[in-house]
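Colleague: Residue numbers (our numbering), protein chains in the order written: chain B, 1 to 135; chain A, 136 to 197; chain S, 198 to 467.
Think of the hints as simulated: they come from the structure by calculation, not from any bench. Glycine included, each C-beta is placed from N, C-alpha and C at the ideal position. Please note: incorrect hints may appear among the correct ones.
Said to hold, decoys possible - Covered stretches of chain S, going by a simulated chain B footprint (3 or more residues, C-beta under 8 Å):
1. 227-237
2. 280-293
3. 357-371
4. 413-424
Claimed, not checked - Here are the simulated distance ranges between beta carbons:
5. Met192(A) with Pro464(S): 27 to 33 Å
6. Gln168(A) with Gly381(S): 34 to 40 Å
7. Asn56(B) with Arg176(A): 52 to 58 Å
8. Ile394(S) with Arg176(A): 26 to 32 Å
Stated by the list, open to error - Chain B is nowhere near these chain S residues, computed Cβ spacing over 12 Å in every case:
9. Asp223
10. Gly224
11. Tyr249
12. Ala271
13. Gln276
14. Gly386
15. Glu429
16. Glu432
17. Asp456
18. Ile458
19. Leu462
20. Lys463
21. Pro464
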Amino acid sequence: MDCKFIPSVCSYCGTGCGVLFEVIDGKIESTLPLKSHPVNQGKLCIKGWNLHEYINSYMRLNSPLIKEEGKFKKATWDEAITATAAGLGRVKEKYGPDAIGVLVSAKITNEENYLAQKFTRAAIGTNNVDHCARL
Amino acid sequence: MTIKRMAFVQELLKFMGLEGRLHLEWISSAEAQKYVEVVTRFTEKIREMGPNPLRAMTQEVR
Amino acid sequence: MDIINEARQLLVQEKVDIFLGYRELDGHLIPHGYTRDNLDELEGLCVSQNRYPLEKTATHLAKKDPDLKIGLVARDCNQRTLNVLYTWNQLDPEHIKTIGVNCCPSPFKDHGDCTYLAPKTTGEYKKEHGIDFNAAPDLLLDSMTNPERFSRWMYEFNKCLKCYGCRNICPVCFCRECSLEHEGLIEPGALPAEVPIFHLVRATHMAGRCIDCGLCEDACPAHIPLRLLYREANEIVSGIFDFQPGMGVEKSPFSIIGDKIEAELKPLDA
């Protein structure tokens, strides 16, 4: 039986509260606030208290899925990326680049957000990029 | 167990400021007269106390 | 303060299989489970000025492996928590070994104001952000009339965000199906919180159980004076039943059914 406590940062909103994961035998059992963290000082909101639920959820996606004839089929990353690129390319050709919009999120890193907007502006060629917080 | 819980909750409500609005009475189904008396007296007591401040507050919020 | 050697003795002599203490990581003092396989990690064992509910981790471990022997660092409040958990059959006293450490207030945690300690003092942080109930212990009690008390408490409870932090961090809260998560009582996702039902239900559950560790108030983002409320609940219990949680092996009066007691309810015309 092995018990470790791993400090981390909450992945939900942009505040970035410090959390402490209670890991027993390699599985995250519960979430505690990090008391010495300057941002949250030992307090968490209800989303932060339940981080361990979605990490261990059976509903998490394990592999890319492609919809064929109305049903989702498991695919490899290469197949999925090729299919997405082909689909976006089709829309861009038929309706123009402004028919595509991209939404970024507070749950992903700043670097990934930058990548997403670069992709939208340079690769697709449109200004339609916005953030989930503006919804 | 019921007496224990009721005694505790009555004191707790008193601490909160909602004193005297909870009462416990053991009445058998054969003691209909006693039931009528207790309910009437309690209703009168509550009527004298006035409306529950909690209701007023939740109505305001809505 | 030779906890490191004591802990090493306990592990090496197989009196415990895992020892829950604290260590430092990147400037944070966080809990850690020391095992026999990593005895040299024990060099980093220290007592944190921040308090974490290690007893809750012990209950998780005990649930997975009931025969596991667990060691803990224990302040006075931790010891009281363990006593309460023993009486509610959540932990087996045969499997737990504790190493006693000094109590708060410590130089860092300056808002320790445990009722079981003497002398009672309130730290600076608490005086600024919370209610200093050592200065005026009946601030919310007899000095006020019913409407004043009511509006003061409603004001405090209305700050609640329903984060469930008080319940999640409480070391003596262990119910698998918490009544605060029952859809009939507390609608999931509805804000503002169901004031005062949420807090009064929680206070009722803390009667005869709360040992005044103060973790709930530390974890409340809205600075609600929970400690005062639960302290009052336990004072009521000790007044009616003459029972103080955590002081021994006595079971809480709310866990025994069918015993005769002499509590009397107020008559109708009082």
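Colleague: Which of the listed hints are broken here?
Modeller: Numbers 2, 9, 10, 11, 14 - these are the hints that the structure violates, sorted from lowest upward.
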